[in-house]
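Assemble the whole structure, with the sequences as input and the hints as a guide.
Going down the list, the sequences are from chains F and P.
If you count by our numbering, then the first sequence holds residues 1 to 235, one letter each, in order.
If you count by our numbering, then the second sequence holds residues 1 to 174, one letter each, in order.
Nothing false has been slipped in among the hints.
Residues from chain P shown here face chain F by an in silico Cβ test under 7 angstroms; the list is partial: (1) Gln-5; (2) Thr-7; (3) Glu-54; (4) Trp-66; (5) Phe-75; (6) Val-170; (7) Gln-173.
Straight-line distance between alpha carbons at most 20 angstroms, and here's what the computed SDA-like set of lysine to any residue pairs gives: (8) F:Lys-195 with F:Glu-21; (9) P:Lys-4 with F:Asp-10; (10) F:Lys-53 with F:Lys-136; (11) F:Lys-53 with P:Phe-75; (12) P:Lys-94 with F:Leu-44; (13) P:Lys-4 with F:Pro-89.
Hints were generated in silico from the structure; no laboratory data involved.
Only a predicted model underlies this, so the values are computations on that prediction, with no experimental measurement involved.
Yeah, the Cβ is synthetic: ideal placement off N, Cα and C, and Gly gets one too.
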Amino acid sequence: MSKLINNHFDMDIHPPYQATEYKSTILRASSKPLVITKKTLSELSGPVFNDFKLGVLDHDLTKNAIIDGEPIGERIVVQGKVTNELGQPISNTLLEVWQANAAGRYVHKVDQHNAPLDPNFLGTGRCMTDTHGNYKFYTIKPGAYPWGNHQNAWRPNHIHFSLFGGDISSRLITQMYFPGDPLLEYDPIYNAIPKRGKELLISSFDLSVTEPDFALGYRFDIVLRGHIATPFKNK
Amino acid sequence: MNLKQQTPSQTIGPYFAYGLTPIQYGYNFRSWVDNKMSEDANAINIYGKVYDGEGQTINDAMIELWQNDGKNQLFGRYGTGTEENNQFSFTTLKPNSVNKQAPFINVIIFMRGQLLHSYTRIYFSDEDVLNEKDSILQSVSKERRQTLIANKTEKGYEFNIHMQGPDETVFFQI
Ligand SMILES: [Fe+2]
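Here it is, written out as structure tokens:
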């Protein structure tokens with residue numbers, strides 16, 4: 001804990017709370033300055049996943065919801081490393097992912113997009129980082145989908161990620177995008193990210209991650225806020 | 001020190017429920033966490049709503065609670081889309097005071113329309129003495145301090161979150 005520095009969100013990288021092009025922020029973004037606190041015992045810790053039991057198929061979205069056949073779409077494998085800001089691996093941390101199916105449709109009940117559901121695809125899963133901070137999961141490449149933000153608004157292909165890291169200040173929810181997506185330039189959610197941060201959310205196609213005759217490979221490394229090498233153990 | 005750049009945050013969006021809170025919302029996927037943080041006989045109930053800038057309750061927020069008083073480390077998660085009037089509720093232990101500071105619970109708030117999550121704290125209205133001396137509570141202006149204090153009611157503790165407006169909740173940079 002010797003290197004503990006009360007580092008904050010880097011607002012040259014993170015999107016602001018208020019980003020009016022993304023209309024839902026207008027009534028939901030807080031408007032007063034954040035109150036800065038020193039971390040106490042509670043902020044220096046967070047849920048620990050050392051004994052966490054994943055389901056056998058939790059990391060394989062191509063198989064974890066099969067009813068009567070394979071899900072439709074392009075199989076992909078997503079792999080990456082989770083580190084802190086010093087580049088030290090964050091081991092044994094939980095990643096949760098969720099996404100639309102290949103047609104751009106979410107299983108979520110409020111998704112009204114007129115594209116087919118896939119009976120064999122739920123679109124959610126989870127995995128853990130190993131001792132080197134590496135993670136890997138299999139899925140179907142998500143489709144683009146329309147949304148109501150403005151006329152002819154479409155979200156680029158993306159996978160939602162949720163991560164914890166060493167303490168509650170490293171908590172992160174984000175979205176992974178795909179290289180060369182023409183919709184990125186029109187997306188107010190992606191474009192709310194300052195210039196310096198933008199390319200950090202675009203995965204890279206990686207032939208060495210690609211599995212022959214099975215799935216295209218994408219690499220997506222994640223850096224969580226914090227300088228602490230080892231997660232605080234609380235159990 | 002040469003630091004790596006933090007991965008930018010993006011919104012949780014409207015469709016997180018089947019991935020992050022599947023059982024609560026009735027999806028066929030295992031949940032690893034819910035709003036029952038403690039089954040102890042002395043557990044308390046904390047409930048409330050999240051309001052937008054027009055005073056409407058928000059039905060697609062996800063609330064996470066974390067508390068660590070040195071004795072108990074408890075984590076809970078709940079969405080505002082299944083209970084009447086878009087309420088959230090948690091069952092947990094009331095934390096103990098640490099270093100003579102007032103007991104509190106950390107809150108992490110996610111929702112569509114938030115590109116970056118928010119942090120606040122739940123303090124307790126029946127802890128007047130400690131609240132009066134708590135250095136963090138006292139660092140907040142008196143008018144805004146009330147937004148951090150859950151009110152004891154017959155049903156437990158009520159803690160409402162206002163994203164904007166005259167009652168805007170105090171959010172922290174931790
Ligand atoms: Fe999405």
